[in-house]
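*Asks:* Whenever a hint applies, use it, and build me the whole structure from the sequences.
Protein chains in written order, with this note's numbering: chain A, 1 to 245; chain B, 1 to 245.
One copy or any two copies: either way a pair holds, since identical chains are not told apart in the list.
In silico lysine-lysine, DSSO-like type, Cα no more than 27 Å apart, as pairs:
1) Lys3 x Lys217
2) Lys3 x Lys18
3) Lys217 x Lys18
4) Lys211 x Lys18
5) Lys240 x Lys18
6) Lys240 x Lys211
7) Lys240 x Lys217
Don't read these hints as lab results, they were simulated from the structure.
One-letter residues, chain by chain:
Protein chains: 2
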Amino acid sequence: MPKTAGIILIGNEILSGKIADANAAYLCRELRELGVEVRRITVIPDEVDLIAREVAEFSRAFDVVFTSGGVGPTHDDVTMEGVAQALGTRVVRHPHLVELLQRYYGDRINDASLRMAEVPDGAELLSGGSLRFPTVFARNVYVLPGVPEIFRQKFDTLRERFRDEPYHLRQVFVVIGESAIAEHLNTVLAAFPELLLGSYPEFSNPEYRVKVTLESKDLGYVEAALAALLDRLPADAVVKVIQGR
Amino acid sequence: MPKTAGIILIGNEILSGKIADANAAYLCRELRELGVEVRRITVIPDEVDLIAREVAEFSRAFDVVFTSGGVGPTHDDVTMEGVAQALGTRVVRHPHLVELLQRYYGDRINDASLRMAEVPDGAELLSGGSLRFPTVFARNVYVLPGVPEIFRQKFDTLRERFRDEPYHLRQVFVVIGESAIAEHLNTVLAAFPELLLGSYPEFSNPEYRVKVTLESKDLGYVEAALAALLDRLPADAVVKVIQGR
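*Replies:* Here is the structure:
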């Protein structure tokens with residue numbers, strides 16, 4: 001079984017269309033490269049009870065969970081409270097974070113900035129690389145900030161924790177429509193039931209009409225399935241076969 | 001109470017990082033403009049039971065639900081089955097869709113293409129504009145395709161169904177940090193508890209450090225809250241105030 005992940009984006013600004021999230025797409029690509037299966041993404045408002053409910057469900061359902069957003073010093077930054085509630089605990093001020101914040105803010109430190117020292121009781125702090133502030137980790141939940149630059153910087157320091165058996169990807173580009181290949185896909189899937197098989201039509205690309213993706217963590221399996229598919233497709237329908245991305 | 005909406009994106013290709021979704025961000029912007037509150041977005045795999053579970057929950061929780069993806073002729077297009085199961089019914093072949101597909105495909109029609117005539121029993125077909133195929137609508141669920149051009153084309157024909165009282169937005173750009181304004185935001189929120197108040201730090205913009213957004217469907221309320229905020233902020237901290245987007 002591949003390692004599974006869930007992603008929780010927290011922020012009214014995404015739901016109200018003010019900001020287009022970039023973190024989920026980035027994380028999906030990175031985790032796939034690492035061999036991790038993302039099973040669900042959810043986008044929810046900055047509301048403690050909703051965050052708690054989603055985090056609790058994701059934490060039970062998936063091996064690892066990532067949250068994005070809601071970790072600053074203002075009224076709408078309630079992710080830590082939500083995560084704490086999900087894990088049946090409360091937030092506490094972490095002395096090491098207090099120290100880091102004091103060093104960063106100096107005389108300008110106030111109650112609002114000290115909110116950023118609050119973590120779910122029992123959480124670990126994960127330092128690494130050139131991070132100014134460590135990543136908060138509680139049970140199987142990594143709490144990441146919404147700002148894309150910092151989100152990526154933090155994920156970079158965590159990346160190797162998640163590495164698993166890689167997926168092997170093959171892509172077949174055809175110039176006939178989805179309806180014309182559907183039966184062949186079904187036949188291949190009947191012979192290779194564990195194959196991850198995708199079919200993506202393209203309506204404005206002059207080079208091909210459908211991209212078919214075949215994936216498995218078992219290299220022999222995906223190669224055999226690819227051979228079976230190419231064997232069935234009309235030879236002049238296939239314009240290109242690619243290994244990997 | 002504003003009208004609420006939920007968005008369900010269906011597709012392994014998003015979760016596996018092959019495609020970055022564009023439909024949710026588009027729909028959030030459009031619905032906000034129309035005065036509709038998007039309460040949740042979920043991204044799930046092409047699996048009937050998962051689709052059924054999410055659609056059932058969203059359909060109960062929100063006034064309108066939009067699904068994106070999983071409506072083609074291949075094995076991984078199982079949205080209609082999922083929606084049907086969520087609504088306690090099954091899929092049936094709709095005679096009008098069969099007719100449209102026969103006209104479109106002519107002699108090349110086959111079982112795979114006829115899958116696209118399947119809809120949840122009792123669903124309505126919504127025609128409009130220059131749509132080649134109508135939109136499937138069942139209970140409060142609009143079933144839209146994943147391909148962005150067609151998704152937008154279909155939403156355009158539906159748009160006026162969702163128009164509600166507009167949100168009034170004011171944006172204040174400040175050159176001091178979030179920690180320094182947090183207390184002022186809290187004070188304003190205490191006086192205007194119904195205000196939708198957002199605070200968005202910017203780390204690489206030379207013009208400002210935080211964008212504060214104030215929103216309400218009550219124009220007088222948002223104007224009064226804005227005045228209260230500007231009254232509290234140090235005058236030289238505010239670089240710009242914008243009405244609307």
